[in-house]
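Residue numbers (this note's numbering), protein chains in the order written: chain C, 8 to 311; chain V, 8 to 311; chain F, 8 to 311; chain X, 8 to 311.
Be a bit skeptical, because a hint or two may be false.
Because identical chains share one entry, a pair is satisfied inside a single copy or across any pair of copies.
[Said to hold, decoys possible] EDC-like, lysine to aspartate or glutamate: derived pairs with alpha carbons at most 16 angstroms apart: (1) K64 with D189; (2) K111 with D86; (3) K231 with D307; (4) K231 with D162; (5) K304 with D218; (6) K111 with E300; (7) K304 with D9; (8) K304 with E185.
Everything labelled a hint here was simulated from the structure, so no lab data went into it.
4 protein chains.
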Amino acid sequence: MDLQQLLDDICAGAASHYGQGRVADYIPALASVAPAQFGIAIHTLEGDLYSSGQAQKRFSIQSISKAFSLTMAIHRHGDELWQRVGKEPSGTAFNSLVQLEFEKGIPRNPFINAGALVVADSLCSRLSAPVHAMLETVRLMAGTASITIDRKVADSEYEHRYRNAAMANLMKSFGNFENEVDRVLRAYFSYCALSMNCVELARAFSFLAADGRCPQSGRQWLTKRQTQQLNALLLTSGLYDAAGDFAYRVGMPGKSGVGGGIMAVVPGRFTVCVWAPELNEYGNSVVGLWALEELSKALDLSLF
Amino acid sequence: MDLQQLLDDICAGAASHYGQGRVADYIPALASVAPAQFGIAIHTLEGDLYSSGQAQKRFSIQSISKAFSLTMAIHRHGDELWQRVGKEPSGTAFNSLVQLEFEKGIPRNPFINAGALVVADSLCSRLSAPVHAMLETVRLMAGTASITIDRKVADSEYEHRYRNAAMANLMKSFGNFENEVDRVLRAYFSYCALSMNCVELARAFSFLAADGRCPQSGRQWLTKRQTQQLNALLLTSGLYDAAGDFAYRVGMPGKSGVGGGIMAVVPGRFTVCVWAPELNEYGNSVVGLWALEELSKALDLSLF
Amino acid sequence: MDLQQLLDDICAGAASHYGQGRVADYIPALASVAPAQFGIAIHTLEGDLYSSGQAQKRFSIQSISKAFSLTMAIHRHGDELWQRVGKEPSGTAFNSLVQLEFEKGIPRNPFINAGALVVADSLCSRLSAPVHAMLETVRLMAGTASITIDRKVADSEYEHRYRNAAMANLMKSFGNFENEVDRVLRAYFSYCALSMNCVELARAFSFLAADGRCPQSGRQWLTKRQTQQLNALLLTSGLYDAAGDFAYRVGMPGKSGVGGGIMAVVPGRFTVCVWAPELNEYGNSVVGLWALEELSKALDLSLF
Amino acid sequence: MDLQQLLDDICAGAASHYGQGRVADYIPALASVAPAQFGIAIHTLEGDLYSSGQAQKRFSIQSISKAFSLTMAIHRHGDELWQRVGKEPSGTAFNSLVQLEFEKGIPRNPFINAGALVVADSLCSRLSAPVHAMLETVRLMAGTASITIDRKVADSEYEHRYRNAAMANLMKSFGNFENEVDRVLRAYFSYCALSMNCVELARAFSFLAADGRCPQSGRQWLTKRQTQQLNALLLTSGLYDAAGDFAYRVGMPGKSGVGGGIMAVVPGRFTVCVWAPELNEYGNSVVGLWALEELSKALDLSLF
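So here's chain C without its partners, still in its complex pose:
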């Protein structure tokens, strides 16, 4: 099958799915994004790039950054990290604080907010400039020096920080938080405010399809086994409370963000990133999910 043609077909079909979700509106900087947009990009292990639609338009990557920060933390802490955060899928969103309390401050996995806060805390403990280090790493991974953090988004998130602050303080009360809450929140929101496009994200995550080695920089970010493990975690926990449905429909490790982006991995073949700002009730891109399911069915990409 012609991959470019497939992406163009999917892009052409996307418009008929507009209007089924809502753009994230908990901060003004996200609420102002135009809803009817779609981009998709595939970056193969051979270095080929295929894209369609607004694949060059940057958006707020939000929770997709949790896959970057977890990579950095595994790189630095190795297996020690798993003393502080679990590997199990969480139950409903409703349970977030409940579970954190029941499990005495150990978040269930590194992709729920509490878990990503612990990951950010672990980076703050090792790095004097955790935001700068992240930016440099992501630029290196994506091979693009112009990637930046949208300060307006980061500041706006900080102004609405209270629920995350509650979780960080609760973990601190259980002894599972090393740094000042405010410093970690600042770093965490900066990570979420990274502004990237589909092409850059597909390229930046290509190490996940390549046994941990970044084709752009040649850097071995993770060992082969760590890469398999990270992909396993993405599959079981990467899409908020819809990870099971994503595995069922798409069958690939992936990570979504409320900016409307979703990146996914076909180990040994390629990485893909879609973007469409309208979200469903679980905070995942409606059209993005549809596009990845189409792609998976067309190319029989399910790992199962």
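Given chain C, work out where chains V, F and X should sit, using these hints.
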């Protein structure tokens, strides 16, 4: 690598892991099983069989039966089934009744007890003899007419039915239970009391590695896509509250039972079943998990 | 103040509060009760009776029966009963099964459904005819031989028994339920289906205002201290999830039922019963609450 | 009965109950208090004072301060306050954050920590110097100008603030917190760090036995009805998760603190304060509970 040699090596190493868990003891029929036992069997798509240890000794398959009953229910109900049961991993065991109440009687997935009860209920609605039908199906899948249900185990489970009865009644109060609670409990406990060995289980589940077609009977139990979907559900929810850890360590779809068995699938290649009665705190076979991790590492079986 | 005049004034004012609630509709037998009705009766320790409105019209006493069954259980079991049920107010209704699970099958107090089921279970353990015994006791307390159980209501409750059956089974799984679930449910629903009027209820509970001695029968149902303790429990837990608000507004021990009745106690002075079928969101009679607050304010009845 | 003799008898009996609990140890300043101490004081509406044991020794009043701050908040906000905090007893301590999340940031009552934080927040909104104002009020109520705040205790509490900070941030995320979290925490911990003795506390709370009028200062802190309402809240929610048991055993409105103090009210007669530092599992003074139960039985003080 010589597969038979590998299984023999794993079998030889198993003994050094005895004593780290406890045999299930909530009913006498299970509590009396000798702890220091180990069996393993692989059944390839080419029809080759490799086994080591007590691979021919039958044990109580318990929750592994949930993969059989779900297959039968998907076969009969198709996508309709998902109106009554979710596809998402559950949180902690502690939450079972909490979540069931919070989600108004819809179990999170078909492998937690509440979900398997709904699946059994759906079979009771379509089949006049749901236990007989299951037995016939499993015999056909395994190619072994001598497989039976251990009535002593089934009766003993029924005598300790109260927690499952609580869940069934709660679902009935929410309108998500069609038959008399007692009839469904009887069927459910009969399924759990199927007595099979590693070879029979590896053979019976080979359709999961073969796009839904049973090599023994030639029957197409599920479509290719349904098979991928079932494998995806097994990976995200098949090992109780340790599904994330299993994906991380082993990287294969699988289903465990408190009888000490675990079956796992390598799509396109083979199915494997291990058995060792000692369980860890999550109800999974301690030595079985170790054996599957060894196998996965030795043959690089992780799907990720 | 002229008590009769006060009751007549309250009765006259009741009509202006009609229409703010809804008649219980989870079973047909209750749903068919006409909403715009009001009755009130006071029975003093001197034996004087004051009443107004439909104080002679019988209604389904429902959960008010929990105060009768608890009296019988304390009479028979004494302090032993508190090994099986707590004395603390519960949190939200939502939590019922959660709390029961978290506290390992011990209901928080004898007035939530789970607690009343344990109380009924304890009576079934001691009495060969627990329904007959209750009927005889209540007739004696009220001094009215014609009181009966409405079989249609009891049967209808039994047909909708599943949530209560879930709780009973859950308690049985924790070892806190002695008899067959079905037998206890039958008794429990029979108690709830007692049909009485305001005058009969005010008279039947007069022992609670009189240090445990029934003025009608001369029987000492409880010791003085047990009576104080039961009144304390009624105050902290008698009105479902609105006990705090009732104490705040009315300031008297009381017990409500979804039939629209509320009985309350002024220790050393009198008992009062109101009836008005429309319920608020907590399952308490809207007009009944208003009437008791008016009465409490007019006569300065708050115990505090 | 000779009241002084009774208090002396109780004081003499207290020693035999030492050793059954543990002094609060979550902050060093409290952990260093000697456990085997007991004091009791009664202040009657006639102005008579009876005391025994270490009734003049000051201790950290901790949560008893919540009755002071609630009085001040009702005085200033009236019924408006109840838009922000409920009047219902809470379930288990375990549920604190759960309930706060489930009920969207509205604490169940003003005596759990979350509720007291909202009360403190409401005072911070109205008062430019909320700590100074509290100190002046309490001095006036007790008729003792020398009452102070123990800065060491307040600072130590602040250092261990994280669980309270989590709750305050969670409420802020729900829009139920007006001021900066840190400012309110400082005020809240200062209130808890008030250092007073049994005599001072009995005197300071005498307005609760006297329809809201302080006999010392002549000030009407609350209306008669507000006083009844506050007493009702103390009875249903004043003793953490043991309010039901306290009502059952003692039968009086009361408020305890982890410093080992308990104050209680007999409306129309007197206020009493006991102090003994050893706490039971619910955080209430073991010997204090025993003493109040003895007192209640000896004088038949139960309101019920």
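> Of the hints stated earlier, which fail here?
Replying inline: Violated hints: 1, 2, 4, 6, 8; rest satisfied.
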